[in-house]
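Start from the sequences, fold in the hints, and give me the full structure.
Here the protein sequences line up with chains A, X and B, keeping their order.
Mapping of the first sequence onto the working numbering: position 85 corresponds to residue 85, and the numbering continues sequentially without gaps.
Mapping of the second sequence onto the working numbering: position 17 corresponds to residue 17, and the numbering continues sequentially without gaps.
Mapping of the third sequence onto the working numbering: position 42 corresponds to residue 42, and the numbering continues sequentially without gaps.
Since the hints were made in silico from the structure, they are not lab data.
For every residue, glycine included, the Cβ atom is placed at its ideal position computed from N, Cα and C.
You may find that some hints are simply not true.
Stated by the list, open to error - No more than 20 angstroms apart at the CA atoms, straight line, and that leaves these computed lysine-lysine pairs for PhoX-like:
no. : chain 1 : residue 1 : chain 2 : residue 2
1   : A       : K344      : B       : K86
2   : A       : K326      : A       : K376
3   : A       : K85       : B       : K86
4   : B       : K86       : A       : K326
5   : B       : K112      : A       : K85
6   : B       : K86       : A       : K89
7   : B       : K33       : A       : K89
Said to hold, decoys possible - Counterexamples of contact, computed for chain X against chain B with all Cβ distances above 12 angstroms:
no. : residue
8   : G42
9   : A137
10  : A150
What the hints assert, rightly or not - Examples of chain X residues lying across from chain B (beta carbon under 8 angstroms, computed):
no. : residue
11  : F6
12  : L8
13  : P135
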Amino acid sequence: MDYIRDFFINFAHSWTTWISGGLPGWAVTVVNFLLGGLILVMMPVIATLALTWMERKVIGRIQNRLGPNRVGPWGIFQAIADAVKMLIKEDIIPDRADRPVFNLAPILIFVGAAMLWAVIPFGRRMIGQDLNIGALYVVAIGSITTVAVLMAGWASNNKFALIGAFRVVAQLLSYEIPMVLSIGVVVLVVGSMRMGTIVESQWVPFCLVLPVAFITYVLAAIAETGRAPFDLLEADSEIVAGYFVEYSGLKFGWFYIAEYGNLMAVSAITTTLFLGGWRGPFAGAAPVLGPLYFIIKTVLVIFVLMWIRGTLPRFRIDQMLAFAWKVLVPAALVNLLWVAAALKLPVPQAVQYAVMLVGNLAILGVTLTLLGQSAKQHAKRHGLAGA
Amino acid sequence: MQHVMFFLFAIITLGAAIMVVTTRNLLRSALWLILVFFGIAGIFVLLNAEFLAVVQILVYVGAIATLIIFAVMLTRQVMDPKQPRFNDQARVVAGFATLLFVVLAVIVTRVAWPVAIGAAPVDAIQQLGMDFVGPYAVPFEVASVLLVVAMIGAIIIAREHE
Amino acid sequence: MLSQYAFIGVFAIVAFALPIIGLLMAWLLRPKKPNPAKNSTYECGVETIGDTWVQFKAQYYLYALIFVVFDVEAAFVFPWAVAYNKLGVYALVEMVLFVAILLGGLLYAWRKQALDWH
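Spelled out as structure tokens, the structure:
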């Protein structure tokens with residue numbers, strides 16, 4: 001029973017003990033590192049197989065359709081059929097492309113999507129490595145994606161691809177600031193950048209204490225993954241598919257996998273930072289429940305992101321940039337200072353959290369009021385309905 | 001093992017740096033520069049300076065390199081590999097670059113740098129944060145002013161061209 | 001601590017290996033029948049005109065510059081946030097000053113319409 005209670009950790013210990021019997025110490029480390037790396041590196045692939053099916057079903061239902069329903073029961077093998085198609089499809093490299101850079105971009109974008117999983121805690125002590133700088137590592141790895149996108153857009157030698165790459169980079173850069181600042185607020189409250197510690201110290205999920213940081217992070221995360229309503233970087237009707245328009249076969253496949261891997265990763269990070277990660281009823285007594293709670297919360301976040309995608313129309317580029325710099329960045333900065341001030345109040349932690357919540361709600365109210373006013377003014381100026 | 005890793009990172013950094021200078025295609029040399037930044041981040045990790053490593057990637061790869069690539073893409077003619085490699089200022093620039101190299105080399109080799117013996121502190125990041133607001137409070141605030149000045153300058157230059 | 005980064009290094013190698021192995025597999029399996037029309041630049045069926053690498057809007061560059069400033073600022077915020085519990089009220093005052101100066105810069109950019117898309 002005790003073995004089951006913390007099954008994953010105990011199983012890992014048994015495994016290590018078992019291979020230690022036949023191997024020297026350094027080889028055990030190497031084998032475990034390779035094995036851990038292999039499991040984590042598969043996460044984006046698993047995410048793609050599961051989420052493409054889920055997304056088609058969810059969006060299908062939102063649009064009053066059935067979604068995939070031919071390949072296997074409820075169409076669950078659709079993703080596998082797609083994977084096979086990607087693998088055996090002809091690879092086309094345009095004549096005028098910069099070949100080495102063109103071929104490197106899909107590999108690099110996958111590396112960026114996979115490396116994120118190294119610091120995500122699936123359960124107590126179930127984390128690739130609990131780095132001291134975990135929260136900042138997540139943001140830093142994101143810059144690999146920026147580089148890969150620029151490489152893909154430039155090397156294709158295609159105008160759609162280049163315009164797409166410029167839009168992506170402008171968007172990634174603009175939304176990275178509110179994202180970093182909202183992560184900074186969490187780090188400020190916890191006093192550590194370790195992802196494990198951030199989960200441990202959430203006796204109340206931070207989304208209930210820091211709603212502004214939570215909403216800012218989710219919006220920035222949608223923008224960073226380039227999903228609707230922030231999907232102007234691949235806007236089919238304007239620039240066809242954006243930076244990966246010239247890619248086909250498995251090279252396109254890696255972009256696709258990176259996209260869904262990133263979707264799952266940002267949802268997992270949202271869960272870790274704001275929804276209490278693997279914490280839940282009885283997770284303290286039976287840590288084996290932790291990964292279950294973690295997956296349920298992550299899927300819930302993914303569902304909300306899909307819901308948003310199915311509901312909202314696309315932003316224009318000027319609206320997208322203005323929203324980041326004129327709404328999210330000031331709100332996030334003010335929030336940071338407010339939380340810092342609340343932490344210095346000489347009262348118990350629960351009261352500090354209450355003060356933070358009040359301030360957050362006030363910031364949210366002011367922001368929404370200002371947004372509503374400027375929308376009304378805009379409507380009046382252009383003689384639109386709703387003025 | 002650490003020495004092997006150091007030499008590996010050093011070779012990556014220096015090799016990529018040579019490629020930056022010798023590649024004819026400007027965008028590719030910007031990409032080689034990114035590899036240089038990663039090599040330096042690796043060396044920071046070997047020095048137990050994980051925060052500097054992550055900031056190196058965050059700021060240099062994420063921001064500075066992107067800025068350089070944007071700048072390359074915004075300038076039309078330099079992109080053409082058929083343009084001549086040197087212009088008439090090449091010799092003057094070479095002279096000053098050599099001078100700068102000599103000065104830096106003298107500083108690096110002649111100054112007795114303070115070296116701490118023993119393991120790096122466990123809570124190095126916390127120590128860094130304390131130093132920011134403690135002994136280095138003035139540079140910390142000046143950094144903020146410097147950043148804003150840089151931003152204002154950039155805006156003024158960009159506005160002028162329109 | 002270094003062993004943690006050894007894992008990150010091994011992980012990076014595995015992360016590079018997987019897509020490369022995948023692409024090699026696809027290389028073995030896929031057909032290869034190139035022709036000039038297939039390999040031409042895709043522009044919805046229209047022949048491409050002129051060079052792709054034309055000059056772009058300088059506006060993008062301005063955003064990137066403002067981004068650099070705020071990215072560096074964020075790098076300063078994190079150690080301060082980690083150490084904050086150990087520090088007195090002066091830490092708050094200094095950060096308020098730091099952020100206020102930057103907010104001033106943001107306001108300037110806003111007023112000069114550097115944040116607007118033209």
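For each hint, the structure was consulted:
no.	hint	verdict
1	A:K344 to B:K86	holds, 11 angstroms
2	A:K326 to A:K376	holds, 17 angstroms
3	A:K85 to B:K86	violated, 57 angstroms
4	B:K86 to A:K326	violated, 33 angstroms
5	B:K112 to A:K85	violated, 51 angstroms
6	B:K86 to A:K89	violated, 58 angstroms
7	B:K33 to A:K89	holds, 11 angstroms
8	G42	violated, 8 angstroms
9	A137	violated, 6 angstroms
10	A150	violated, 6 angstroms
11	F6	violated, 12 angstroms
12	L8	violated, 10 angstroms
13	P135	violated, 12 angstroms
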